[in-house]
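Q: One letter stands for each residue in the lines below.
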Amino acid sequence: MSTILIVDDEPAVCNVLRLALARSGHQTVVCADGQTALDALAACSFAVSLVDLNLPRISGMRVFEAIRAVQPYLPVVVMSGAITDAGTGLSDYIVTSAHAPKIHLLPKPFRPKDLVSLLETVVASAPETPGLAEFERKSA
Amino acid sequence: MPNILVIDDDNSTHAALYAMLSQRKFSIFLAPDGPSGLRSINSVCFDAVIIDMFMPGMDGIATIRELIKLKPALPFIAISGCGFTDRRQGAPDFLGMAIRLGAAAALQKPFRRGELYEAIERAMGLSTPPTDTLSESGEAELLRHAS
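Here the protein sequences line up with chains A and B, keeping their order.
Going by this note's numbering, the residue at position 107 of the first sequence is 401; the numbering climbs one at a time, nothing skipped.
Going by this note's numbering, the residue at position 48 of the second sequence is 96; the numbering climbs one at a time, nothing skipped.
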């Protein structure tokens, strides 16, 4: 079981994501905007974050950047119907980003099973956070 | 596991549909109104949609119209507390309209479990909407006669 951060401003979509992940045994924390997501990141530990690209006020891209700043090793799945749109700049960013291996795209619309499958793959393949293992060893 | 979206503002209907469909290994997702349901459909692939005809704001017929524009091949089932009515009875026949707009089935509440399963199976077998859809003018005509 993993704890997954969902950042999407559409309650009905969040409900679908939450239900799909809960049925697969995962816990979720749902945030409707970027600032709330950053507050949640400061308070909790997540296995992966699922971020909609089109968010009000703070865009998904800025949320992504903020996540990178506070938790550089947290895998991020970016979902958007506009991913194929060159105007988003996301494709270029991913190609050039030093964090590219930890960014995953989920084009909308997606099947719930594909969402669950991608998240589980991302969590399973996520590298261990540097320093965490040592911290846990010392704490034991 | 097939994914079914239920668009209905009534919590008791949500609960009943969830209980009935979960037993048949359907994966059920709920939306409380038409706009929310349509936004969900933009984000998630569903295999069928169940739409209540009477909802505040965007009603079932308006939701169906938008659904058809958005996903013309996505099968849908109409449900309503009012049954098929004769225009002489003075109430619009919303379930009849839904069928004419391409609904795979239209069920009057309360419906039996078997009727729901049969409707969903019929819907899942559909890949394209029926061509016998009701035109804007035909629907207006129907509403005029019903009122």
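Hints are supplied without guarantee of correctness; some may be wrong.
[What the hints assert, rightly or not] With a Cα cut of at most 20 Å, we get these calculated EDC-like pairs of lysine to aspartate or glutamate:
(1) B:157 x B:58
(2) B:119 x B:95
(3) A:402 x A:304
(4) A:402 x A:414
(5) B:117 x B:58
(6) B:73 x A:304
(7) A:402 x B:95
(8) B:119 x B:58
(9) A:407 x B:95
(10) A:402 x B:114
(11) B:119 x B:169
(12) B:119 x B:107
Everything labelled a hint here was simulated from the structure, so no lab data went into it.
If you're wondering where the values come from, they're calculated on a predicted model, not measured in any experiment.
Q: Give a verdict on every hint.
A: Going down the list of hints, with the structure as the test:
no. : hint          : verdict
1   : B:157 x B:58  : holds (12 Å)
2   : B:119 x B:95  : holds (11 Å)
3   : A:402 x A:304 : holds (13 Å)
4   : A:402 x A:414 : holds (18 Å)
5   : B:117 x B:58  : violated (25 Å)
6   : B:73 x A:304  : violated (26 Å)
7   : A:402 x B:95  : holds (15 Å)
8   : B:119 x B:58  : violated (24 Å)
9   : A:407 x B:95  : holds (12 Å)
10  : A:402 x B:114 : holds (18 Å)
11  : B:119 x B:169 : holds (19 Å)
12  : B:119 x B:107 : holds (18 Å)
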